[in-house]
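Q: Between the sequences and the hints, there should be enough to build the whole structure, so can you do that?
First to last, the protein sequences are chains E and L. Each number in our numbering corresponds to the 1-based position in the first sequence with 25 added. Each number in our numbering corresponds to the 1-based position in the second sequence with 120 added.
Some clues are possibly wrong.
[Claimed, not checked] Straight line, CA to CA, 25 Å or less: simulated BS3-like cross-link-like pairs of lysine-lysine: (1) E:K63 with L:K219; (2) L:K215 with L:K423; (3) E:K85 with E:K158; (4) E:K63 with E:K194; (5) E:K63 with E:K192; (6) E:K308 with L:K215; (7) E:K308 with E:K63; (8) L:K423 with L:K300; (9) L:K219 with E:K308; (10) L:K215 with L:K125; (11) E:K63 with L:K300; (12) L:K300 with L:K219.
Please keep in mind that the hints were generated in silico from the structure rather than gathered at the bench.
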Amino acid sequence: MFDINLFALFGQLLVGLINGSFYALLSLGLAIIFGLLKIINFAQGALYMLGAFVALLALKYMGINYWAALIVVPLTVGLVGVLMERFLIRPIANEDHLYSLLLTFGLALIIQGTFTHMFGSSGLSYAIPEALKGGMKLPFMYLPNYRAWIIISSVVVCFSTWWMIEKTKLGAYLRAGTENPQLMQAFGINVPLIVTLTFGFGVALAGFAGVMAAPVYSVSPDMGSNILIVVFAIVVIGGMGSIGGAIITGLGMGVVEGLTKYFYPEASTTVIFLVMVIVLLIKPAGLFGKEA
Amino acid sequence: MNNWKLNLFLLVLALAAPMALYPVFLAKVLCFALFACAFNLLLGFAGLLSFGHAAFLGTGGYVTGYLMMNSGLTPELAILAGTISGGLLGAIFGKLAVKREGIYFAMVTLALAQLVFFIYLQAPFTNGEDGMQGVPRGELFGLIDLSDNFVMYYFVLAIFVLGYWIINRTVHSPFGQILKAIRENEDRAVSLGYNVDQYKLIAFIISAALAALAGSTKTLVFELASLTDVHWHMSGEVILMTLVGGVGTIFGPVLGAGFIITMQNYLSGGEMGNYIHIIMGAVFVVCVLSFRSGIVGQFMKFKRDNFN
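A: The structure is reproduced here in structure tokens:
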């Protein structure tokens, strides 16, 4: 009896870690964009969905396999982001930031609506790549290889991003841009270019998450909007003050959700929002936020 | 004074409208107009972007629907109960959301509304995906049968006028002036000794209660309360209505609601129905990029530039 429970518990923990990996990737992208542009990209979820669809269509029509898609899709989605920033967001950069939020919301509706129109709202499936089929039998659970791969690769991508921002020269530019863009411009650094590339990179992370998600979730036009609202709650919980904080909160909330699925399944869809309420009551600035 | 004449003219127009147009459609426009005006009280006059107003619209609808079906209350009492429930929910949302500003405020309200959505999805009394169907309209004050669409329309019009009047009074009261001061410069309002969070909270509660009033009324009009009203799409729609009509103008949201509802009605009939979300998204993008002051804002600007 106890063994079976343990089995189920670890199963839910694994699901939680996988969801958490996606939360981490998406909230990391949001945090990077927010750092420099001070806007929240409402289209992040739609671009995550776009990533999954591009991977699916590239395989179907161009024979681009999963491994190539891991490179090609983030580049494609990142390019979409670059165009978005350059031609739509930049013209209103000096207006109230709420307008850019509404702009990206409109874009999300357009992207999601287009895919719903073309593919209907039922999900499509994407085969797990050959090399990652099967799984390992651990003493307390069965671990499918692809799921292990999601967790490991997401963590690697998240922490390399963190390392790049915190420890490299490029990252130093980025942090300096966050602190004082005018001064940095005065030093002869092309700030608008950095802003565009940052937006592209933040969005590319969503595209990457989309490819990773394609084989485990069903690929459907509304896959992005549902997860995005959860990610917003996670961003409020963690606060957008730190890149590391976004990663840890994302993974942590995935685990919390997984545990809830085991102990009290009825609350599994709402638990993250409830955590948000508690955090707002106790530490309004968020767990890693600087101040209210 | 000019404004007073304009309002009278519009009222006469609204009274005569059912002669020319289908009363249920008009009642729908008025419900959404009230919803958008309530939302605009927050965005336009306090500078707070709520992305969770669907929660109040839906709560009003569900409470009123439940009471009409199960309690034998008369419609005006059921609507009052729905409005109060919306106000109470607004107090909870507001208390939490005013702790954060700007973009965070929008995210907190969106997340709280999603929490409410999931609760309604699972709660037994809402009937989940099917919604509450066949809500009776009942008899107003126990006397006037509302099942006739013309009678219903005039009842909705009366509610709309009441809600619109409350908003108008709020905006032009000393309280409304302080809200505008907070919108323009929050730090200055704090330095003048105003408890800014308290003012924001009260504005939030008024806005939520009026949004619930719109939802309660809408449930009676359609004899239906469903999850559509609580979904985040609805929170987005009300923002769009306000944006199209003119943020921060008293009458703009009414025009915006009329425009969006007419567009939806027109599109959903034909083959363009599939494109409705794409078109809504495109309207959003166009408005934000080049039409930020909305219909009324543009009109005022035109008047200023050419006739003064």
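Q: Run every hint past the structure and note whether it holds.
A: Checked hints:
The suggested pairing of K63 (chain E) with K219 (chain L) holds, with an alpha-carbon distance near 19 Å, which does not exceed 25 Å. With a CA separation close to 40 Å, the supplied pair K215 (chain L) and K423 (chain L) exceeds the 25 Å bound. Between K85 (chain E) and K158 (chain E), the direct Cα distance comes to roughly 20 Å. Compliance with the 25 Å bound is thereby established for this hinted pair. For the given pair, K63 (chain E) sits about 22 Å from K194 (chain E) by alpha-carbon distance, which is consistent with the 25 Å threshold.
In summary, the hint linking K63 (chain E) to K192 (chain E) is supported, as the alpha carbons are separated by about 22 Å, within the 25 Å threshold. Of the supplied pair hints, the one linking K308 (chain E) and K215 (chain L) holds, its CA atoms being roughly 14 Å apart against a limit of 25 Å. With a CA separation close to 21 Å, the supplied pair K308 (chain E) and K63 (chain E) stays within the 25 Å bound. Of the supplied pair hints, the one linking K423 (chain L) and K300 (chain L) holds, its CA atoms being roughly 23 Å apart against a limit of 25 Å.
The suggested pairing of K219 (chain L) with K308 (chain E) holds, with an alpha-carbon distance near 10 Å, which does not exceed 25 Å. Restraint check for K215 (chain L) and K125 (chain L): not satisfied, since their Cα atoms lie roughly 39 Å apart, outside the 25 Å limit. Annotation: proposed proximity of K63 (chain E) to K300 (chain L) holds, straight-line Cα distance about 24 Å (limit 25 Å). At most 25 Å may separate the alpha-carbon atoms for a hinted pair to count; K300 (chain L) and K219 (chain L) meet this at roughly 19 Å.
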